[in-house]
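Enquirer: Dock chain one against chain two, each of which comes alone in its own frame, and use the hints as you go.
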Amino acid sequence: MTIRNTLRDHGQRYRPRMACLKKVEKLLLEMQDPKTGVKSQPQRLVITTIPHAITGEDIIAWLADRFQVDTQEARNFVSMLVALGYIYPLQDHRRLVIKPDASLYRFQTPYFWPTQQWPVEDTDYAIYLAKRNIRKRGILELHEQEHYNRLHKWMNHKWDFVVMQAKEQYRAAKERKKPDRVVFECQERAYWVVHRPPPGTVSAMDYGLDRLTDPNADEVTGESLCDLLVKYCSTYKSHDPFLSNCLPSNPWLTDDATYWSLNMPSVEIPTKMRVERWTFSFAELLSDPRGRDDFRLFLKKEFSGENLAFWEGCEDLKWGEAATMREKAEHIYKTFLARGAPRWINIDGKTMEVTVKGLKHPHRYVLDPAQTHIYMLMKKDSYGRYQKSPVFKDTVKKAICPEEHRYSDAQLQQNAKKRRPSLSPIILRQMEQEQRAKMAANVDITQVMSKLSKQGKEAHVFSSGRDQKQS
Amino acid sequence: MPLVNNKVGDDCTDEALADGKALVDSLIKVVACYRHLASCVGGCTDSLQLREELRQTREKAQMLSVAICSHLTSHLRNKRLPEGQRKEMELLWVAFSSSLELLHGDMCKVFNVAEIFSLANTDSLVQTGLQGGGSEVAARALSLPDLNRAQSPTLPAGLESQERSTMEQEIGQIEHMIDDMEMKVNVMRWMVEPHGPQYTDPLSSTDSASLALLSVDEEQPGRQPLCQRSQIFVLLLMFAVVLVAATLSVCVVFFS
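Heads up: the sequence lines are chains A and B, in that order. Start counting the first sequence at 1; every next residue gets the next number (the working numbering). Start counting the second sequence at 1001; every next residue gets the next number (the working numbering).
Extracted from the complex, chain B is given alone in its bound form (with noise of 0.2 Å):
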């Protein structure tokens, strides 16, 4: 774990900054996997698996939340903090709460569809169409290349409750942790100003091609059969095209 600050009297330097700021990417990044994780929940991809990547991807949000919350609350009670590095504090401060919120939220509901969808009956588990596990997402969130995939097939009844229970208190922890927050740190969030633009450049273009064909797809499937039928008679006039100007090119090639 990267050094904690505990003293309030430290200078801030942009090192400081760049910490702060690192541990707020990486809360934003779990936070973004425990919500996909958590979208699996009481379906049909739901296992013992499914709920231990859930519990150690929740672990780890913990840690760092715990890391970002005294770091940016010692730095921010520093009145000797200059104007522009508070700034940059505040922001990190309102994206740190943000999450916070956003995982609290996510827990909520997990423990609730968790109580409604037990593990011991699969068959009440919805069929979502789902296929795959979540374990590429619970590897990124705990930054490992590859998860491990010992676990064991069956669970006792007391585990489950034992968990339910550790997941209370973990929601109770996380509520206690904003309210602190909010007590300790006066951050005006009407003076905060983002530094990005309204519209952000897309990420990637091809893939975003193949996705769109797959959900175009899916809007028509009624008229599949005769799109198919027409990207392939378009196909074959192309290849046709093709093979004829190579043959012309050819010939003009042969007789001049």
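Isolated chain A, as found in the complex (with noise of 0.2 Å):
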């Protein structure tokens, strides 16, 4: 069983490119061997020798012989070792390069090595920090100092913990005999050295993005994770703007914003790409606001919009302000909910109830559960039907395909010149909301006088007699 730091690991901290770690490891326990490893010799200081220490010269032979390659290998793989912090330089410690020569090297202790599932702590380095500063004022270096400062106003309400620790863990060491006190610090700063590198170093600690799952846990459905993948990366490698053109062209490389005018939200007529993306799902289409333009378009046709208008009401509520919360929820309930209502939507009766006793004491998610029913219905009922419409079809031939610009050097100097900014984002939001009481107030009459109108066909078709009565 392999115990995990459960309090610190927040599930969010597999880094994979760390697994040759493990693999690292080995090969230092067989470098480190007295009898089969690299050769060590005592290091002589003013007052006393501290064994161990090995050559730069020495570990690069050793390796080129050990794995039988050639000088140059074994050094990029020795400095591999050193920038990883398995093993210290003790003169010139602030740069973790390996030099071919007779400098001298020391393995680290296990304590200190890297792992994989531990990320390295803030905490150790304020302790840390903090040890040198009461050893001697004035002795941290410039980032240090600010690392300090930064932890001093992030960890506020622990440094007197961090002051105390740093303390006691000077007075332990204090009881140690000198030549352990001195490998004990060398050890501790080749850690952080590697952990917490001066700036404009580059470290061997950069791993990349923290991953949400563990790569080497066993995955049960990693199939048909890569299958998803790679369906999702061949659907929307075309419509990527990083791995194909942009047209007519990418903005922001030739400063020319057609492409932005011709794909704004309300535009009369949208390109072929876009128009593309509206079929490879119904979320694709409803968040695209010109996809939504023209599937109420057909739903009108079809006399089902109060299906869109009931969605659209409910995501209004869901991510709208708290204030209007309960008016908006008390609209949408006498508009498409109530019995009699005008544009009543069809719902299954159990939802109806729980969204009805909800209801009674409005919140965001109220709707949630006949917004989902709703939604199932559009994607699996009318999302097919309009694929194969009249309307969608003749979207699709009037779509544009812009032609691919070509500039020059000197066109496209010119157009940097020609940039002006865009239109404000409070200009499109007034406009956004005219549009909306504008659709409001057009929608409601044409569905009251399309009920009407079916009723009066009713009255017509089954009361005439009645009608021609009162008439």
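Any given hint might turn out to be false.
Subject to a maximum C-alpha distance of 25 Å in a straight line, what follows is the list of computed SDA-like cross-link-like pairs (lysine to any residue) [said to hold, decoys possible]:
1. A:K174 - B:P1197
2. A:K177 - B:L1119
3. A:K26 - B:A1120
4. A:K417 - A:R429
5. A:K388 - A:T271
6. A:K22 - B:A1022
7. A:K153 - B:G1084
8. A:K153 - B:A1120
9. A:K174 - B:A1139
Here are the simulated distance ranges between beta carbons [what the hints assert, rightly or not]:
10. B:N1186 - A:P34: 49 to 57 Å
11. A:T71 - B:R1229: 53 to 61 Å
12. B:D1025 - A:R66: 45 to 53 Å
13. B:N1121 - A:E121: 40 to 48 Å
14. A:L209 - B:A1120: 51 to 59 Å
15. A:E434 - B:M1191: 44 to 52 Å
16. A:M80 - B:A1245: 53 to 61 Å
Far from chain A, some chain B residues (derived; all Cβ distances over 12 Å) [as the list claims (entries may be wrong)]:
17. E1015
18. M1183
19. E1193
20. M1238
Calculated directly from the structure, the hints in this document are not laboratory data. All values reported here derive from a predicted model rather than from experimental measurement. Glycine residues also receive a C-beta, built at the ideal position from the N, C-alpha and C atoms.
Expert: Shown next, in the form of structure tokens:
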């Protein structure tokens, strides 16, 4: 059983690039073997000697011999070991490089070896800096000072603890013999050079982004995940502005904003690429405002526009302001859910019961079950028919495919000079709201008119005699 | 062991605060010593004695934690605690939880390293340059003047795995204690203000000077023979100057 430090392991620290560390550890055990490993010699200091120092050239020679590679390759490999912190230099400790001469190195103690599963804690770093500061005031370098100040600000609540722990560690160190103290200080110093490198240096601990799942854990659905990824990539490949060209041209590259003006939310004629995206999934269609407009037009012709209107109302409730929530919920209930409502939606009895009960104490997500039901209804039913409808086919036919721009360098410079800021988001939002109000006014009338006409037709069919009498 | 206040409704006096502070201080000391001992595990000074010292230090730390936990919990749950004392208690609480986290981290590390390095095979222990053991540090942790060194030279294999399982249990206990603490007492860490300044005064200057000398020498051993030579030259020069001054003053005294 492996102990997992579940306190600090918030499940987001899977760093697969560091899986090499286990292999390095095995190699290191071989290297430090007193009989068959790298030759060690004592290091002479003024007062004492410390054993187990190794020279750079010895390490490189041993490794070249062990793996039967040439010296340059061995040197690269050893520089990796030094950068990771398994071997630390005794002179010039700030530069983690291997020098192929008689400069001395030593093996790092396993406690300070880099690990994959546990990140390096800021608290420990704060204690280390405080300890050095206690030992001699003003010994911290500039970047260490900055770290110290930053940690003091962010860890202010435990600063007393940090200082006390630093003092206690210092006092405990004094109990040890002098050579051991020196060794421990060198070890700790090397550890922190590796994990908090001075600015401007490249750190071997740079592992990229944290991942959400443990790639070493057994993946039960590994295959289907891969399939999904492959499918997603192949579908969206031609639509990704990094992987393929934007038509007509990428505004960030050529300073020509045609692409943006062609793809505005409320443009008359959409581009072909945009229309193609609507066919990928229902969510894509709904999330694009122009696609939603098209879909709304189609639904109007089918007289089932209330579904989309209800869905939009629910979205408005979910993401809108808290102050108007109650009114919105009531309005939606009166318009869509009440018996005899002008735009009554067709949901099953159980969902209706749950929703009506929830509306007594409305909150943001009170209409979620009904919204999901309507969404699935539209997705399974209307979406398919939409894609085969004349409305959609018409849109596809009219969709434009702009020519790719080919600018020369001089023209690009010209474009750069002619750059202007785009519409302010405040204006955009105002335009959106105006359009929404216009639509609300429009739809109500047409829907009511259609219902009235329907009722009129029915009355005419079933009781023509009565009508004639009344008129 | 000091008296443990279990009743929630007790009046909190300064004595209880001082008790708590003393306990937390000793826990911090034990945790610091544990870290020093833990840094030796897997190295060439790793031995049965070191493991034994680790175990004893660990046990002491756990005893202290249990005492502090009950002491602080009972006081912080007392709603009638005056504001000033509550602030002090919260400071102690933050220090206690941070020490526990450090101890937990160190214990996990020791556990993992001990898995890789078995004491049966002394060749595989990393040659780190250490020469002495951690007995003095352990003595400081356990507040004993000297540790007796009567240890059995060989360790049967069964005991090692038993120790591993005990360690697993202890790590689990500490995790449980930390979780429990968070559940029982709600301390808002952003409201806690420390007493001390950002930069504390150095502890002692003489010792730091000698250590600085050691590390400076370590940094440039390539130039070490030169440095030594130049140092000796300077010393000789000064000695000569002192001699000349002494003879001159003697002459002045004699001839005046």
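Enquirer: Quick one: work out the minimum CB distance from M1183 (chain B) to chain A and report holds if it exceeds 12 Å, violated otherwise.
Expert: holds (14 Å)
Enquirer: Between D1025 (chain B) and R66 (chain A), does the C-beta distance stay in 45 to 53 Å?
Expert: Between D1025 (chain B) and R66 (chain A), where Cβ atoms are some 50 Å apart, the hint holds.
Enquirer: Does the claim that M1238 (chain B) lies outside the interface with chain A hold up, using a Cβ gap greater than 12 Å?
Expert: holds (18 Å)
Enquirer: Looking only at beta-carbon atoms, does the pair L209 (chain A), A1120 (chain B) fall within the given range of 51 to 59 Å?
Expert: Distance hint for L209 (chain A), A1120 (chain B) is violated at roughly 41 Å.
Enquirer: Do the beta carbons of N1121 (chain B) and E121 (chain A) sit within 40 to 48 Å of each other?
Expert: With a Cβ separation near 31 Å, N1121 (chain B) and E121 (chain A) fall outside 40 to 48 Å, so the hint is violated.
Enquirer: Going straight from one Cα to the other, do K153 (chain A) and G1084 (chain B) come out at no more than 25 Å?
Expert: holds (23 Å)
Enquirer: For the pair supplied as a hint, K388 (chain A) and T271 (chain A), confirm whether the alpha-carbon distance does not exceed 25 Å.
Expert: holds (19 Å)
Enquirer: Checking one constraint from the list: CA of K177 (chain A) to CA of L1119 (chain B), max 25 Å. Satisfied?
Expert: holds (23 Å)
Enquirer: Run the C-beta distances from E1015 (chain B) to all of chain A and say if the shortest one exceeds 12 Å.
Expert: holds (21 Å)
Enquirer: Between E434 (chain A) and M1191 (chain B), is the Cβ distance one that fits in 44 to 52 Å?
Expert: Given a distance of about 48 Å, which is inside 44 to 52 Å, the answer is holds.
Enquirer: Are the Cα positions of K22 (chain A) and A1022 (chain B) separated by 25 Å at most?
Expert: violated (42 Å)
Enquirer: Between T71 (chain A) and R1229 (chain B), is the Cβ distance one that fits in 53 to 61 Å?
Expert: violated (35 Å)
Hints 4, 6, 8, 11, 13, 14, 19 from the list above are not met by this structure, while the remaining hints are.
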